[in-house]
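J.: Here is what each chain is made of, one letter per residue.
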Amino acid sequence: MKSDYTEGLRGSVPILVSTIPFAALFGAIAVSNGQTVGEATLMSAIIFAGASQLVGIELFGHSVPVWVIVLSIFAVNFRHILYSAAITPFIAHFSPAQKALSFFLLTDPQFAQTLTRGETGKSVSFAWYMGFATTIYVGWVGVSAVGAGFGKLVGDPRALGFDVLLPIYFMGLVLGFRKRANFLGVVIVSAAVSILAQKLVGSPWHVSIGALAGVLLAAVLPPKPVTTEAGPEAETRA
Amino acid sequence: MSELFTPHMTLLILAGAVATYLTRIGGYLLMSRLKNVPPRVDAALNAVPAAVLTTLVAPAFFSGGIDVTVAMAVALAIGLGFSSIPMLVGGWIAVMVMRHLVG
Chain A
4 MKSDYTEGLR
14 GSVPILVSTI
24 PFAALFGAIA
34 VSNGQTVGEA
44 TLMSAIIFAG
54 ASQLVGIELF
64 GHSVPVWVIV
74 LSIFAVNFRH
84 ILYSAAITPF
94 IAHFSPAQKA
104 LSFFLLTDPQ
114 FAQTLTRGET
124 GKSVSFAWYM
134 GFATTIYVGW
144 VGVSAVGAGF
154 GKLVGDPRAL
164 GFDVLLPIYF
174 MGLVLGFRKR
184 ANFLGVVIVS
194 AAVSILAQKL
204 VGSPWHVSIG
214 ALAGVLLAAV
224 LPPKPVTTEA
234 GPEAETRA
Chain B
21 MSELFTPHMT
31 LLILAGAVAT
41 YLTRIGGYLL
51 MSRLKNVPPR
61 VDAALNAVPA
71 AVLTTLVAPA
81 FFSGGIDVTV
91 AMAVALAIGL
101 GFSSIPMLVG
111 GWIAVMVMRH
121 LVG
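Residue numbers (the working numbering), protein chains in the order written: chain A, 4 to 241; chain B, 21 to 123.
To be clear, the hints were calculated from the coordinates, so they are not data collected in a lab. All values reported here derive from a predicted model rather than from experimental measurement. Glycine included, C-beta positions come from ideal geometry on N, C-alpha and C.
Coverage of chain B stretches by chain A, computed from C-beta distances (three or more under 8 angstroms per stretch; other residues unrestricted): (1) 46-53; (2) 65-71; (3) 75-81; (4) 95-106; (5) 113-120.
Bound conformation, chain B alone (with noise of 0.2 angstroms):
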């Protein structure tokens, strides 16, 4: 109970630590070994950011609760025209008023 670390974990935690490390560096290697971009993996590289970081927002959107769905609706119209500090802090008075407020 009183040790810090047992071997079991201990190993299971560096081999998720080697396998994270390869997805962080994979992406890199791949393209160190493509000399010119074709024009579609381009294309493809260009839609990751979007496509990666909707895939975490779209969910919350729309099956997290009409709360969530509330508060990303007022911060996505205040994003349409400022920057993330006032989305975040819109978005959070929404959710709030949504939850202690309304009920």
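Isolated chain A (complex conformation) (with noise of 0.2 angstroms):
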């Protein structure tokens, strides 16, 4: 069990990568938003979800109504719903109170990892999984504090180039799904509209609208004859 956390622990420290510069962003944001340090601490602790967070501290900013600024968070968040969904059959033999820590460190790039990584046959262990989000978390959280102690010292994430590496590890990411049924119809829906709804309605909705559109493509197709040859995907949700 030990060698799975410790893997788990390295597999994620690529993620740092873009995590740290986004973390330090964030944290020099807050307090220029009128945070304190132990505010936007606090709030990467207990939210850990970055673009809400940014979008939080932003209206708070435009002295929005509290509850407006809670259901932005929400609606900038709604993805997770998709992603605790598909993660469900693989990590069904959790127990209750690990299933409630695991759904509370369910990221980006711990959905997709935990996606990826029950599809190619490893098992999703406990320990594999808060190995991955340790690493993760602690990085996020204390870098977070860090940007917000030094306020203004963070140079510019463009200049050292840091900014292209999210989109980056993200396209490698949804690469690794190019051999699932729909995939190119899925991926060039989900990018034309969210592409359009960048436009029209603006960040971060796009997200949400852009996925619904591929996800309802995909819904809407006829479903897959289950074949001899379909490969490992018609198994795997038995």
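Mind docking these for me? Both chains are given alone in their own frames, and the hints should help you get the complex.
T.: Written out as structure tokens, the structure is:
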């Protein structure tokens, strides 16, 4: 079990490359928007979802009513509902307490890696899941605090080229799913709709709208008949 | 100024944390109420990762500026044959070249 934990710990180290600048940026922005260092750290520790944290402090700066801010945080994080539904079959063997903790730690990379691991036939153990999450959690919360403490000392992530790392990392994850049914159609529709939604509605709504369009396409297309050559996909969710 | 937590902001953060946790456990709560997953729901769930992750990639690819587009195209070409670390390294080199050498 210990080796599963360390494998998880190591597995998410590459993610830190993109998490650390983003966490530092969040901390710096939070403090410049009127949060204390303690509040910025608390926010990272118990919300643990970067984009929604930035939306939250941005709206707070515009003195929007609290319930509107909370609703916005919910909307930005709406994709997690899809995530938790999709990983449920792979963590069915966790105890209720383990599940409760696992869902708290469910982030974009955690979701993608859990799904990738589960579908390539490796076991998704609680130890591995926690190891993978620990690196991300400690990095995110720790660097948020440091970023808040140092405020404006954080350099420009663009000049260092860090801003392209997150989209490239996600693109690698997308490529990992290219053997799936409907892959090309889903990617094209999600891409087109998210770009349109970003122009017409704005960020971060384009994430939920674009994803929903791709998912709907997959639901509407005729289901693939299960043949002997259907590949591993057909059996994983018997 | 020296206080670590203000009541108003702390309350907002706590409410935001509850809202976020609801989204993280929501899909599980919905799924555990479905005994048999219908084929269309299964197909939809199957498409979730590619659909969601694409929305995090496409806008950067098409409207992030020419430097970002070039970097991501390089990374995409690398990604068709290699894993994510060469993609990240290649994309990063490409964006640094575009920004600091090409101008």
